[in-house]
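Peer 1: Each chain is listed here by its residues.
6 protein chains.
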Amino acid sequence: MSTTKRIASPESDPRVRAVFDDIRAMRKTDFINNFWHALALDPTLLESTWSEVKRLMATPTHLDPLTKEMVYIAVSVANSCSYCVHSHTAAARARGMTDAQHTELLAVISLAARTNHLATGLQVPVDAVFDADGES
Amino acid sequence: MSTTKRIASPESDPRVRAVFDDIRAMRKTDFINNFWHALALDPTLLESTWSEVKRLMATPTHLDPLTKEMVYIAVSVANSCSYCVHSHTAAARARGMTDAQHTELLAVISLAARTNHLATGLQVPVDAVFDADGES
Amino acid sequence: MSTTKRIASPESDPRVRAVFDDIRAMRKTDFINNFWHALALDPTLLESTWSEVKRLMATPTHLDPLTKEMVYIAVSVANSCSYCVHSHTAAARARGMTDAQHTELLAVISLAARTNHLATGLQVPVDAVFDADGES
Amino acid sequence: MSTTKRIASPESDPRVRAVFDDIRAMRKTDFINNFWHALALDPTLLESTWSEVKRLMATPTHLDPLTKEMVYIAVSVANSCSYCVHSHTAAARARGMTDAQHTELLAVISLAARTNHLATGLQVPVDAVFDADGES
Amino acid sequence: MSTTKRIASPESDPRVRAVFDDIRAMRKTDFINNFWHALALDPTLLESTWSEVKRLMATPTHLDPLTKEMVYIAVSVANSCSYCVHSHTAAARARGMTDAQHTELLAVISLAARTNHLATGLQVPVDAVFDADGES
Amino acid sequence: MSTTKRIASPESDPRVRAVFDDIRAMRKTDFINNFWHALALDPTLLESTWSEVKRLMATPTHLDPLTKEMVYIAVSVANSCSYCVHSHTAAARARGMTDAQHTELLAVISLAARTNHLATGLQVPVDAVFDADGES
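Protein chains in written order, with this note's numbering: chain A, 1 to 136; chain B, 1001 to 1136; chain C, 2001 to 2136; chain D, 3001 to 3136; chain E, 4001 to 4136; chain F, 5001 to 5136.
Derived by calculation from the structure, the hints in this document are not laboratory data. Any given hint could turn out to be false.
To be verified - Calculated lysine-lysine pairs in the DSS-like style (CA-CA distance at most 27 Å, straight line):
(1) F/Lys5005 x B/Lys1028
(2) B/Lys1054 x E/Lys4054
(3) D/Lys3005 x D/Lys3054
(4) F/Lys5054 x A/Lys54
(5) E/Lys4028 x E/Lys4054
Using the sequences plus the hints, can you model the full thing?
Peer 2: Structure representation (structure tokens):
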């Protein structure tokens, strides 16, 4: 099921073809997953989404690639995006995440959810010492 | 403001005292932040919460401490817990997070939110290749 | 699957029959979708839910019907309600939403999610100028 | 702060006056809290919201009033509605919630959040035995 | 589908065996549902999760067991955890929840969601009278 | 309060200056709100965020500007982003949103939340007729 009709030949559009070629080159595989296939409906949205993903996730920066994939999983779990949890868990494994790191990641995510809900239920005020913008 | 009344002398309860002493020893500071102070209302809840936080966050495991704090921030942002975003950003800084790492973390979190909402809006089916439990 | 048992003949209850007849008349179709069928378990809940939907969504008011369906999709995506994303995307198409409007809607929703998470991560204070209730 | 301008004399509108009088009668107090005051901007929205709250929360039904207030707190915490957490914690106390019940409620809410995030991270399929609509 | 590979014989690990035996004894059934089976991947996470669930949900405390299951359902719905909504609705039925209580629970949950979104959209300030920590 | 330190003179960086000048030109005001000021910490993040906002929100496309701002408010409410609810309500007013449209928008948002939570609690399967990708 899907809320959009699957395009039969998305790569007949050269802008889609260019993005798909870039995805295949970056990932060293011919496989294009359903998310990118669906975005082909709107080449501008496809291009802007892929360019952000490529810039942040596929190139070395201040955070290492595996850390970024684990942060991505964490947000996807908290936002309850089933597709994203699956696709980014696969991506993290491709970047070397072990079973032990995976279950520890889930333990940290679920602990955070626990204390998030406790703090929201308590409605305690933020301690002044946490303010990064306080007067010096 | 708060949904609970602040206890004047929480450490008159020896169970609370023990947890607060442990927090101070682990963090090498006398400061007890509002979250733990409020949990002192229920020593069992205080003990079980702190023991989980200590076991997962304060001891070396399969993930490094800074990665865990950044995952914690990611979940706290997605769950919109203002207190937690403040306290764990401070904790990540205490573990060495630089300004460049912080803004890159926020960039990854917000990119994940963007594609989470896109995938949920598209309702595309999960690709079979992502299933970790598929037949071999 | 479902958390409730499907009623075999919901319209044997005259209150359910009246609501279903009204749904069919408004939508000019004999089809009753699973959501309303399940609510037939509790005629009071069915009546109060349908009367709100009818009053707000099915009659001309200060916002046009297609805008209201797109707002509905936006909330359903952010709340990660798979059923609702499907049913209201179909409703928006029935009210004339084009493919180009649909992908632009998803682009706006996902952009909002991106800046929502950025603002929550930054915890910047609300600018005084945004307060609709400020002193004149 | 608020996104709407506070009305100086909301009760000059007889429909608002009628709802406010009903709120005061039900609660046996002259106090009208900010939520209802703000809704006075739109008497139809005020009436439909209050009539639902009154029907479900203020009259004896299949669930006792305190249970309903605790469920209300649970949803408000998970949806991160600061105003609602405050107002419904006060309402639950008015219905007899003790400090011990309050902290146990928060413990259950935060445990649920923990296992919610675990199950979403694991993406395990729903066991067939949980289906209330299975074949007999 | 799942993000982890299903373990063929989880109970060959004695720590897993002990938890599974405890689950079977508490529930008086041989059935172990997919959630606990998947957690067997990490015996420490399995033990800490089960011990919390057992302590809070399976033993009599300040709140009765059915109330706690209904609060659990409420959080699971708001966090959009499909697995958890199914498993805890089944658990609540096992503790005696009637159809009438179930639909009333859903009515309260959805009413809370409605006023949560209204209050968040209005951004009205919290009334001082709701502060449990105010000066006396 | 904030999780980042406010930069004293952000426009000494020419990339920040260029974005701020563009914001001022588009909005015909000298005012730069706290969100953009905070993003100045990371000029690349500032540029990529602003370019998306400008492309989607500030130029005429398939949806009219006011509809897009109302969709933005809807997502911000559901994600419980206080800052965003304030800033985009102000933006919608600047684009002509009346008080009557505002309260109707909030009524639709809160109705969607209500049925989102009902559908998630019921876990009814998606009707085949809603599938946009069904066989023809």
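Peer 1: A separate judgement is required for each hint: does it hold in the structure or not?
Peer 2: Right, here's what the structure says about each hint:
Straight-line distance between C-alpha atoms of F/Lys5005 and B/Lys1028 comes to about 24 Å, which keeps the hinted pair within the 27 Å bound. For the hint linking B/Lys1054 to E/Lys4054, the alpha-carbon distance of about 21 Å falls within 27 Å, and the restraint holds. At most 27 Å may separate the alpha-carbon atoms for a hinted pair to count; D/Lys3005 and D/Lys3054 meet this at roughly 26 Å. Restraint check: the Cα-Cα separation between F/Lys5054 and A/Lys54 comes to about 21 Å, which is no more than 27 Å; the hinted pair holds.
Of the pairs offered as hints, the one joining E/Lys4028 and E/Lys4054 holds, with about 14 Å between alpha carbons and a cut-off of 27 Å not exceeded.
Of the numbered hints stated above, none is contradicted by the structure.
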